[in-house]
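Chemist: Chain by chain, the residues:
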Amino acid sequence: MSETPRDTLLEVRDLVLRFGGVVAVDGLNMSVHAGEIVSVIGPNGAGKTSAFNCISGFYRANSGSIRFLGQSILRRQPSTITKMGMARTFQNLRLFKEMSILDNVKTGAHYRMKQHWFDALLHTPAYGKSERECEDDARYWLDFVGFKGDTSMYVTALPYGEQRRVEIARALMTKPRVLMLDEPAAGLNHSEKQGLIELIRRIQALGISIVLIEHDMGLVMDISERIIVLNYGKEIADGTPDEIRNDPLVVEAYLGTDEDEEDAE
Amino acid sequence: MTQVLIDGLFLGCVYALIALGYSMVYGIIKLLNFAHGDIFMFGAMIAFTMLTAVPGLQSAGIVAVFGVLILSMFLTGGTGVLIEAVAYKPLRSAPRLSLLITAVGMSFVLEYGVKQFWGSKSITWPQWAQMGAGSIPIFDGTITISRLVLMAVSIALMVGLGFYINGTRQGRAMRAIALDQRASTLMGVDVNRTISLVFFIGSALAGAAGVMFGMYYGAIGFMMGFLLGLKAFTAAVIGGIGNMYGAMLGGLTLGLIERTTVYFCNGDDSWKDVVSFGLLILFLTLRPTGILGDRVVERM
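These protein sequences, in sequence, are chains A and B. When we follow our numbering, the leftmost residue of the first sequence carries the number 502, and every step to the right adds one. When we follow our numbering, the leftmost residue of the second sequence carries the number 332, and every step to the right adds one.
Careful: at least some of the hints might be erroneous.
[Stated by the list, open to error] Facing chain B, according to a computed beta carbon distance under 10 Å, are these residues of chain A, among others:
1. 520
2. 587
3. 592
4. 604
5. 611
6. 613
7. 615
8. 618
9. 622
10. 625
11. 626
12. 627
13. 632
14. 641
15. 674
16. 747
[Claimed, not checked] Taking lysine-lysine and the DSBU-like style, the derived pairs with C-alpha atoms no more than 35 Å apart in a straight line are:
17. A:676 / A:630
18. A:598 / B:420
19. A:676 / B:361
20. B:361 / A:630
21. A:735 / A:676
22. B:420 / A:615
23. B:420 / A:676
24. A:584 / A:598
25. A:598 / B:361
26. B:603 / A:584
27. B:361 / A:615
28. B:361 / A:584
29. A:735 / A:694
For the record, the hints were derived by calculation from the structure and aren't laboratory data. Glycine residues also receive a C-beta, built at the ideal position from the N, C-alpha and C atoms.
All chains, please: the whole structure from these sequences, using the hints.
Modeler: Written out as structure tokens, the structure is:
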């Protein structure tokens with residue numbers, strides 16, 4: 502939907518990532534505009550997660566450019582990219598297992614909390630205030646994602662679907678402009694998926710752009726405004742759900758040849 | 332027997348302070364920092380120099396000693412950060428073994444570096460800074476006021492640390508990195524800075540232990556960090572390495588066990604190291620996770 506004149510927040514150009522001889526991302530171009538929901542789909546091994554890892558700063562791309570809010574983030578530390586306003590969740594949950602639910606979410610405020618060690622050790626009012634604000638914030642986002650329950654438990658005590666919600670709350674705690682969700686629906690049952698769709702819409706309503714990697718086509722077609730299809734590390738299509746559904750290249754990538762198995766979890 | 336308990340707890344506090352640094356560093360970067368015991372020794376050495384080099388310090392008495400303690404903590408903390416920056420940071424993604432060997436090398440650098448400056452002879456702590464005066468009877472034992480003060484200081488440091496790790500922004504970041512370094516960077520945590528901070532805190536605690544050791548035993552030497560470092564490592568393993576409360580518990584346990592051994596050997600202390608390191612082997616083979624190991628506890 503490039504006709505809407507919305508600001509481009511994230512722009513990836515000619516991105517290449519190689520692992521030895523394997524080209525995981527091969528000249529990828531994609532962009533994310535303010536406030537939109539974009540899905541990135543493609544067969545397994547198409548380079549979706551690799552691209553996410555480049556954007557969030559975990560992998561150093563071999564060439565190409567990634568610009569976020571007008572600045573190049575190609576060589577930035579992941580923590581710096583987070584501070585700039587990019588958050589993500591992981592395909593396999595990466596919550597801090599031996600920390601409480603509340604503490605997990607509170608870590609998300611790390612970079613924006615001002616706390617002097619001196620204040621902390623002496624329990625000054627400034628320290629109390631910063632911890633209280635952080636806790637209020639954490640509870641706000643836990644509430645926002647629909648978590649109800651005891652926040653002092655270890656996260657691992659929660660059922661899988663709830664852990665997913667906590668991970669999203671933790672990501673939101675970093676106050677992102679762009680939220681990247683890596684297969685958020687994996688392992689969720691039908692009603693949890695409905696809850697996720699509703700949650701993603703509410704996050705969008707806050708003005709946060711959402712980039713989604715997802716295999717669940719029903720969910721993707723339902724909420725995406727735009728879909729980018731990757732295959733062999735390149736984008737092969739970029740358009741509205743309707744356009745993608747009827748794109749011959751996409752159909753071929755998913756169904757065409759014998760070696761590409763359709764993966765619908 | 333009460334005396335054994337008192338002595339054991341005191342020794343245990345010294346072990347615990349050193350073990351904490353061992354354990355914190357292991358928790359966050361999975362490195363057994365064999366130079367840690369030498370930081371303890373270095374702390375004692377610089378404190379000694381400050382106490383003797385500054386004229387008129389004596390008249391300030393206990394205040395001066397505390398000032399020196401605090402200053403030594405900052406200096407050893409800084410040394411720890413420096414060591415991490417030059418010796419460990421460049422090896423962040425290297426195999427664990429390289430890091431371990433570097434730590435052993437760093438240990439020698441500190442030991443023989445100190446030997447060059449302070450000499451190889453045993454150094455006598457200034458009499459006035461030993462704080463030996465006055466004692467309080469407890470049941471059938473006694474505790475000197477100096478010991479009581481030192482124990483109070485170490486307990487205060489441990490409680491402060493426990494609070495810092497559990498209740499502050501940086502503490503959460505440390506726990507987060509110990510659990511999942513990648514995910515913590517995504518929370519905006521600067522991993523390098525946080526690791527430096529852990530080295531600072533751990534080394535400062537070791538420095539404090541060094542000063543206390545000097546104050547109490549009255550004699551220090553350039554090799555004393557070697558044995559004490561290994562003991563602290565043993566304490567950390569007994570309690571559950573990587574676990575802060577484990578280090579405290581392990582330190583106190585080891586201190587008590589050592590003094591009890593000496594008691595049952597009628598004051599002969601030649602068996603205590605045999606028992607301590609025997610215990611280390613037992614724990615490593617039978618319960619490598621330590622006392623608090625498989626209880627779900629906060630790592631750090």
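Chemist: The structure should be examined with respect to each hint, and the outcome stated for every one.
Modeler: Outcome of the hint check:
1. 520: 15 Å, violated
2. 587: 9 Å, holds
3. 592: Not OK, violated: residue 592 of chain A not within 10 Å of chain B, min 12 Å.
4. 604: 6 Å, holds
5. 611: 5 Å, holds
6. 613: 8 Å, holds
7. 615: Status holds, d = 9 Å.
8. 618: 7 Å, holds
9. 622: 6 Å, holds
10. 625: Violated: closest Cβ of chain B sits about 12 Å from residue 625 of chain A, beyond 10 Å.
11. 626: 15 Å, violated
12. 627: 12 Å, violated
13. 632: 7 Å, holds
14. 641: With a minimum Cβ separation of about 17 Å from chain B (threshold 10 Å), the hint on residue 641 of chain A is violated.
15. 674: 8 Å, holds
16. 747: Nearest chain B Cβ about 37 Å off; hint violated.
17. A:676 / A:630: 19 Å, holds
18. A:598 / B:420: Distance ~26 Å between residue 598 of chain A and residue 420 of chain B Cα, so the pair holds.
19. A:676 / B:361: 31 Å, holds
20. B:361 / A:630: Given that 35 Å is the threshold and the Cα spacing comes to 34 Å, the pair holds.
21. A:735 / A:676: 30 Å, holds
22. B:420 / A:615: With Cα atoms ~26 Å apart, residue 420 of chain B and residue 615 of chain A stay inside 35 Å; holds.
23. B:420 / A:676: Holds, because 30 Å separates the two Cα atoms, which is no more than 35 Å.
24. A:584 / A:598: Given that 35 Å is the threshold and the Cα spacing comes to 23 Å, the pair holds.
25. A:598 / B:361: Satisfied, since the Cα-Cα distance of roughly 17 Å is no more than 35 Å.
26. B:603 / A:584: Violated, because 53 Å separates the two Cα atoms, which is more than 35 Å.
27. B:361 / A:615: At roughly 29 Å apart (the allowed maximum being 35 Å), residue 615 of chain A and residue 361 of chain B satisfy the hint.
28. B:361 / A:584: The hint holds at about 27 Å.
29. A:735 / A:694: 28 Å, holds
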